[in-house]
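Chain by chain, the residues:
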Amino acid sequence: MNSGRGRFIAIGLALIPLALLWCLAYLYDSTGHQVWMPSSATNPLGTDEFGRDTLGVLAISILNSISISVVYVSGALVLPVSVAILHGLVNSRWVNECVVVVAQVIDSVPIFFWVLAAAASVPWSGGSIVAVFFAIAVFPIACLALLGEIDRLEVKQFVLASRALGCTRLHIFVRHIVPNSLDVLYPIGLQLFGIAIAMEGILGVVGFGSRADLDLGSFLFRSKELIATHPNLMIFSLGSFFLCYVYIIIIKVALPKIWSQEFEKLNN
Amino acid sequence: MWPILASLARYVFFALLTLWAVHAVAFTLITLLPEAFVVAQGFFTLFRVDPLLVTPMLGADRAYTSSLQGMMTFEFGSTLDGVPVVTEIERAIYQSAPRVFAVVLICTFLVIATAFFTPAVTGHPMIGGTFEILVTFPPFFWPIAATAIANVAGISIFLSRSAWQVEFLILISTLIAPAILTCFQSWRIMRRLLGEPFVVTIRAKGVSEFRLRTALLHHLVLELSPAAERVLASVITSLMFTEVFFGAPGFGSLFMRSVERNDENLLMCAVLLIAKMIICIRFFIKAVLRGGSWR
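In order, the protein sequence lines correspond to chains A and B.
Final position of the first sequence in the working numbering is 268; the numbers increase by one with none missing.
Final position of the second sequence in the working numbering is 1295; the numbers increase by one with none missing.
For the record, the hints were derived by calculation from the structure and aren't laboratory data.
Hints should not be assumed to be uniformly reliable.
What the hints assert, rightly or not - Cβ-Cβ distance ranges computed for the label pairs, FRET-style: (1) Q1069(B) - L160(A): 51 to 57 Å; (2) W94(A) - F1013(B): 17 to 23 Å; (3) A164(A) - A1009(B): 38 to 44 Å; (4) T42(A) - G1195(B): 53 to 59 Å; (5) E225(A) - G1195(B): 49 to 55 Å; (6) T42(A) - P1084(B): 54 to 60 Å.
The C-beta atom is built at its ideal place from N, Cα and C for all residues, glycine as well.
Just chain A, with the same shape it has in the complex (with noise of 0.2 Å):
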């Protein structure tokens, strides 16, 4: 397999899931329905108690999950991304030091209570409170591993020999250092994503937004209430979550290893 076809056939592998969510929620009719009608050809999932399709609501809600999760991810990674550039350009060990007092402060109470909180005492603020607790809260996650990840290229021999022929610091960092240690990026940004789809659903569960909301946390919201004369939208509520997590594992272990085709072939 040469390089071009590894990496078409891995953004392909990534893209088609959410492309035919994308057409589930093109083809999503919301007009004509009856209430709760059982699943049929035209509703395959039926509908529910707003006469809304439910695989449409479905995919929507996974889509739109999947949006604000990658933009309360993108978010929170500034952060520990900019520390990340301060210590590689100074390296001074009080940034390390600092960064660990503030993991340790923030690790002290659990993600999900830091962001329970911050949703319950400023209602009024929407998801923006929300977004900057989450960043607070997964700061130590990501920013330990990226330090972690740039000491530990500190001293690898191609940095050591850099240095030993008069290299800059900042052409190590640019040219050493951040390539490499890019690659660590992809499974922090993923552990994060599965913590923001999990964020979703809580606030959901604990009824934070609106019934009529198209988001995976509305949808486990309602169906929580629902459980007892609808259970199936229960099921269907958590296979969307597992399907989510699948989806994570499968672009977190096999993508890369598809995209790296070429690095195999350049060893052989």
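Given chain A's structure and the hints, the job is docking chain B onto it.
Just chain B, lined up with the frame of chain A:
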């Protein structure tokens, strides 16, 4: 003697510093932030209106110093229902403690089992990847899945549930997340230990597998000890959902109630109690088990 006392004093100092910082963040979040827009209004009108009129709006009665004092003396006032927060918390801990102990006991047993049954051969990378993702699986997933399985198995917990059935389901669904975490960590450490040169040497000398694994258990416990706080966090987080989902009273239900009703005193007390527990465990591990540096 003096170096030990000095390091202990350092641990205590850092533990207190961490607790103070957690209190500061929690106080800012729970007590100050809701008044943020009031503060903004206050500043807006500060130069036109008598500042004394703005002061009551800023919640001066909930001063930082009194909150800090409350943390030290464990006096957090009353809940929205008028019940003392400490009484509520004590009752909740009394109800949740057996569940936490049972989960910790089973996790300990699983660590020992992992130490003795981890294969020395290399496994497929998907196993590690799956474990890693399962650790971050949403905590509410397991009680709901347990309910679904129980319903399939014929235990109709929504119609005629008995106390033992509910307790069993709570235990199982609380156990899954910490069990996955401890098993994954133990499995990873044991896999690494089994490949170490000293283990290969011991095995080459003809020592039995049982004695080798027993000796490695010591290494495993020492390396696993930093994960204890994560396991406790995982147990508490799981309890937050399992107790609510199965309608059982306890610490998790109390926290969720405080979140839903925005009961500031109760929320503050619950957050600080969790922080105290985790900091105590961290202090115990650093000071007693590891005896190493602060980091």
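Consistency of the hints with the structure:
At about 53 Å, the CB distance of Q1069(B) to L160(A) agrees with the hint of 51 to 57 Å. Checked against the hint of 17 to 23 Å, the C-beta distance between W94(A) and F1013(B) comes to roughly 18 Å, which is consistent with it. Separation of A164(A) from A1009(B) is about 43 Å and conforms to the stated range, judged on CB atoms against 38 to 44 Å. Judged by the Cβ atoms, the range 53 to 59 Å given for T42(A) and G1195(B) holds: they are separated by roughly 58 Å.
At roughly 51 Å, the beta-carbon separation of E225(A) and G1195(B) lies within the given 49 to 55 Å, and the hint holds. Checked against the hint of 54 to 60 Å, the C-beta distance between T42(A) and P1084(B) comes to roughly 58 Å, which is consistent with it.
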